[in-house]
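**Student:** One letter stands for each residue in the lines below.
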Amino acid sequence: MTGEGMFLSHSTFWSYFVVAMTLIFIGLYAMWATHNLIRVLIGMEIMIKGVTLILAAAGFLTGNTGASQAMIIIFIVLEVVVIVAAAGVVIGYFRKSGSLDTRTMNKLQG
Amino acid sequence: MNLDLFLISILLLCAIYTVLAKSLLKMAMGLAVTSVILTIIIYTMNSPFAAVFELSICAGLITVVFVSVISLTEPGSPKEQERGESQHYARYLPMVVLSLIIAWVLASSLGDSSFPVFRGLQRINFREALWELRRTDILGLLAMMFAGIYGVIVLFKELRYDR
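From first to last, the protein sequence lines stand for chains A and B. Just so you know, we're using my numbering here: the first sequence kicks off at 107 and counts up by one. Just so you know, we're using my numbering here: the second sequence kicks off at 27 and counts up by one.
Hints in this document: simulated from the structure, not taken from any laboratory. Every clue listed holds true.
Derived CB-CB ranges, DEER-like: (1) A:Val-195 - B:Ser-139: 41 to 49 angstroms; (2) B:Trp-157 - A:Thr-208: 39 to 47 angstroms; (3) B:Asn-28 - A:Met-211: 40 to 48 angstroms; (4) A:Val-195 - B:Arg-117: 22 to 30 angstroms; (5) B:Ser-97 - A:Ser-203: 13 to 21 angstroms; (6) A:Lys-202 - B:Leu-87: 24 to 32 angstroms; (7) B:Ser-82 - A:Met-211: 29 to 37 angstroms; (8) B:Ile-66 - A:Val-195: 28 to 36 angstroms; (9) B:Ala-116 - A:Gly-204: 26 to 34 angstroms; (10) B:Ile-128 - A:Gly-169: 28 to 36 angstroms; (11) B:Leu-51 - A:Val-195: 18 to 26 angstroms.
Derived DSS-like pairs: lysine-lysine, alpha-carbon spacing no greater than 30 angstroms straight-line: (12) B:Lys-48 - A:Lys-202; (13) A:Lys-202 - B:Lys-52; (14) B:Lys-183 - B:Lys-52; (15) A:Lys-202 - B:Lys-183.
Covered stretches of chain A (chain B as the covering partner; in silico rule of three or more C-beta atoms under 8 angstroms from a C-beta of chain B): (16) 123 to 133; (17) 168 to 176.
For every residue, glycine included, the Cβ atom is placed at its ideal position computed from N, Cα and C.
With these hints in hand, go ahead and build the complete structure from the sequences.
**Tutor:** As structure tokens, then:
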């Protein structure tokens with residue numbers, strides 16, 4: 107496969123790559139800076155947007171949108187499962203402790 | 027400025043607004059708008075199926091999930107949900123500066139270099155890719171969905187101390 111490679115000089119891929127990396131950084135920072143569980147989930151969503159953008163850009167620029175669309179759809183379904191399960195955890199934790207603060211989560215028992 | 031650059035700039039601005047918003051509801055709305063912009067970008071990249079999924083699930087379903095979680099958890103922290111955390115902007119403004127620096131460093135270091143493109147998997151249509159190439163992933167997704175549904179049922183059921 108590597109022997110069949112070609113190179114796109116001055117590719118537009120780098121602009122998508124830069125924005126995707128910036129989105130991943132923004133999401134990571136949002137997860138790191140906050141103590142609110144819902145903000146953590148939204149930060150994770152922004153990171154996922156960055157990954158989706160880079161998948162779509164890679165598929166488009168290699169002319170392989172079939173594989174990239176299949177990957178994106180699988181990724182989106184996985185994202186929904188993770189977010190819904192995490193939302194369930196957040197609500198369950200809120201019912202138990204009455205708080206959304208991540209600093210109190212180490213007091214969970216059983 | 028061409029359309030691609032305009033759209034990805036708007037995407038970045040929406041993501042920054044989402045993180046900087048004080049109210050959690052505004053954050054959820056900002057995330058939905060980010061998803062809509064990403065949908066337009068994906069659609070312009072000749073990926074309509076992925077764009078439809080992104081619009082219906084990420085901009086629709088996940089926003090509904092977030093709004094439900096925010097409304098269910100509001101009684102515990104109404105002040106924080108409306109006004110944000112303590113020293114909100116002081117906490118998040120370094121993110122804007124750092125993200126702009128990262129974007130500038132990446133753009134200046136990668137802008138002129140070439141991007142390798144391989145042809146090994148070209149000309150696979152969407153149906154073949156999803157139902158044949160990714161068949162194992164589909165089975166894994168089904169298992170994940172059942173696990174997620176079971177987890178939600180367990181987590182949402184009435185707890186003893188709720189009564």
